[in-house]
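A.B. asks: What follows is each chain in one-letter form.
2 protein chains.
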Amino acid sequence: MAKHDKAKRGIPSKDDFNAWYPAIVEIADLVDKRYPIKGMDVWKPYGWKAMTLIDALTRAEMERTEHEEYNFPLLVPEDLLDKENRLVSLLKKAREEGVDPSELRMDEEDSGFKKEVYWVKHAGENELDVPMFLRPTSETPMYTMFPLWVRSHGDLPLKTYQIVNTFRYETKQTRSFIRVREIHFFEAHTAHEDQAGADAQIAEDAQIVQNLLHDLCFPAIVSKRPIWDTFPGAWYSTAVDVVMPNGRTLQVATYHHYKDQWAKAFDLKYEDVNGQTQFCHQTTFGMSERMLGAVVGMHGDDAGLIFPPKVAPIQIVLMPVAAHLSHEVIPRIQAMAQELKAAGFRVKVDDRDLRPGAKHYDWEIKGVPLRLELGPRDIESGKFVLSLRTGGKEFHESSGLVDVISDALTRTEEELRARAAVHMSNFVQPFPGIEMSDAGWTLKGEIADGKVYELAFDGNDSDAEVLEKATGLAFLGDCIEPFAEPRACAITGKMTTRRQHLARMY
Amino acid sequence: MAKHDKAKRGIPSKDDFNAWYPAIVEIADLVDKRYPIKGMDVWKPYGWKAMTLIDALTRAEMERTEHEEYNFPLLVPEDLLDKENRLVSLLKKAREEGVDPSELRMDEEDSGFKKEVYWVKHAGENELDVPMFLRPTSETPMYTMFPLWVRSHGDLPLKTYQIVNTFRYETKQTRSFIRVREIHFFEAHTAHEDQAGADAQIAEDAQIVQNLLHDLCFPAIVSKRPIWDTFPGAWYSTAVDVVMPNGRTLQVATYHHYKDQWAKAFDLKYEDVNGQTQFCHQTTFGMSERMLGAVVGMHGDDAGLIFPPKVAPIQIVLMPVAAHLSHEVIPRIQAMAQELKAAGFRVKVDDRDLRPGAKHYDWEIKGVPLRLELGPRDIESGKFVLSLRTGGKEFHESSGLVDVISDALTRTEEELRARAAVHMSNFVQPFPGIEMSDAGWTLKGEIADGKVYELAFDGNDSDAEVLEKATGLAFLGDCIEPFAEPRACAITGKMTTRRQHLARMY
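The listed protein sequences derive, respectively, from chains V and S. Be aware that the first sequence starts at 0, since it is given in numbering that gives the first Met the number 0, and climbs by one per residue. Be aware that the second sequence starts at 0, since it is given in numbering that gives the first Met the number 0, and climbs by one per residue.
One chain only, chain V, in its complex shape:
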């Protein structure tokens, strides 16, 4: 029956992740991809609910850390970009004067940006004097306003965020949640008195991400991105990569330390305690619906999704069994549902007139963590049946319902975290090494498809290029957890604790 149903639903095996993923997001009714614009899906209620639950976790973290929620306009007049272009010039000048080389990478970014946005040049029957674009991210609109709000050190730190739709004109293949053209986006932007303030913010962002990953039940690799992969205008960028089941890494969060680079471009100054004018130091922190993509990818299995309890739109489905044999079944189920709702759980009673097997498979596909069944015999024995989506069928006393459910959800989280840790350790392999011979640089072992390679690396940009070319993979950057003991750099042989990863990125 199981096989029959699965075939009917058309869920591919998760071993074929590139087929499983696009199928399951529609079969589980998270999105509908038939909207007539590529890369712009319709969010169905079940998917939207999961996304808003992730947003709620984010908002709770923002409240804990005293960020305030704003909402900026979607449209950005093109002439505001002049200030960003000034930033480019500024960084060019920094290079000419021989200051911090991390400031040099803006050169070719100037025109690149405009290639990725949607343009509004017409309104009604008019051509606009100043073209506008749909925000791909909000540095420009926000930093246009910040100088109006910041006057003195008393106005700092300014800790803002918004959760909005952003747009990128993707030319690559689109994938639900992972690469889309209308993006459900979270962005925090902060301004501080000095570099130390921004440093502390970066540390806070790192902790926020760890808290979210804990609730979503999967680990990630956190790396300071290489210079060439740093966000334009950033001093440095830290990125959070999840290893998806096909071995490709998915960047689910980034936080950027801007130092005072953007502040200089946007003239974001304040008067310090000594009455001196200073430039602010800034940070940004971004996440998106990719977090939901990671939830789908990391936890699902051949039978469908598995939602981590904290973001499960439905945490427990209650199913009456053989209700026609006893008039007590339905009221008892309703009472249990009420008790659980009152305790704050997200609950659904499935009293549809379908055979139990069909219902089971529906809720398996949708990844509901717990299924509670109650029939006449259970009522007699004072028990109920609890099935965990992660596996296992249990009999519990009807008294103490809330504790049983709470415990089972905690065990579900622990099981998901344990599975994700195993998953990660299977994917992250030691780098086989590389050697110079007459034929040039040659790998000492095979680079398998769908693996992430860990290595000690302390070389320069061209050394990195050698490794990227030889493996066909890309550097994620300096892992924020370095090796405990120094190891030999894969290229130079120098001893280093710098831990890096080579991976195929989404």
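Honestly, I wouldn't trust all of these hints.
If chains are identical, the list can't say which one is meant, so a pair holds when it fits in one copy or spans any two.
When the alpha-carbon atoms are kept at most 20 Å apart in a straight line, the in silico DMTMM-like pairs for lysine to aspartate or glutamate are as follows [said to hold, decoys possible]:
id: 1; residue 1: K347; residue 2: E453
id: 2; residue 1: K340; residue 2: D406
id: 3; residue 1: K120; residue 2: D78
id: 4; residue 1: K171; residue 2: E124
id: 5; residue 1: K171; residue 2: D128
It should be emphasised that the hints constitute simulated quantities derived from the structure, not laboratory data.
Using the hints provided, position chain S relative to the given structure of chain V.
C.D. replies: Okay, now just chain S, sitting in the frame of chain V:
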């Protein structure tokens, strides 16, 4: 001191509403209008919080009535409009065949729509094959998808909603919340088996609006709009108008009965219980940030905003008094704040080092319903001081804090409702009457500026035009609460219970 502070803040008298309103939305820090696109304000945290609290009330009503939340793409390909144009043709045909004349008004709507939207014709460096526009509302994108989801009567009713940003290229003068170009928008769209199902939905929508108005503490005039003011494609439109302090009416909600007109255009069909194919009957229900504009306009006074407790971002501000005289003050205030937070109130402790007068005026401007003060002497006497934003200073026993606050918030709501009712009765005047003489139609009395006129009216379209011309006002439509006893129609003299209003609309 009061006068001095108010002058400093620059709040105009509310008697000059057209000056007061645009000033207060910025002085109370709801929005910042300095974003460089006219009609696109930046939502500041205080304003955004109020808006999301209104949204939360709406979402609770949607959940109560079993609507599900979706999120549709912002961009709409122009070619989808073909179906809307088909609707126009359909209605033309209906006229030619002499059916229901309410279906005739689509004629000139065809091209009108395109004059009000922002166009995306370019992405990156490419010109798009099919231009897209930013949704002004979502009939077209939604009804493109609905036929994919509705197959049989088991799929009905389909009750959807979303809360999103929409766009209108306004050419009229913009005003925060009231007339903007990026609109924070709520829209519910439903599909039913038959007209009775849609009728019931319209009744449900009417009740939802009344529930919201109750929480927001002001009344409204609910009218079935005249034919010429019906939403394109609707069978009939019901609109909810709030009388603002300048006497102009602000449409804050509308619900439309579409019958099967849109369903025919979008081919939205289902198989009924008898296996017959039928067209769905549809409704829509829209609200927007105008609801916040009405809250601001209805309840504020010369000292600033007054938030109805249900949507007040801060419900109680707690202020320590003379804390330097007793180390007990701050911990006691913190404990009271904790107790109130735990009870679900939105609370802020203001322990800034400012003189009390300055703090009072800040919170008056922001419209916080309650201000609680506690000093050393209050601690000794076991009391605290409570000031209501609607007026009055009270001394209460420190025990029973939660009940005292809960009661004071309820009294605030009642006071606001009472004031709004008085406000409404001041604005709505009996129509002075009109008579035919040699000089043509002449008003029997003066039409005062800033009033709404109530009248019995049972005339035809040209009778209505006479009245609109003579008064310079517009018909709101048939009030859903007709007169209890028949009265003479203002033009024809025929007895009728049809109650109508003439007003200047925003």
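A.B. asks: Hint by hint, note whether the structure agrees.
C.D. replies: A quick look at each hint next to the structure:
1. K347 / E453: So K347 and E453 fail the 20 Å test inside a copy (44 Å) and across (49 Å) alike.
2. K340 / D406: within (16 Å within a copy, 27 Å between copies)
3. K120 / D78: both (13 Å within a copy, 19 Å between copies)
4. K171 / E124: between (32 Å within a copy, 15 Å between copies)
5. K171 / D128: between (31 Å within a copy, 18 Å between copies)
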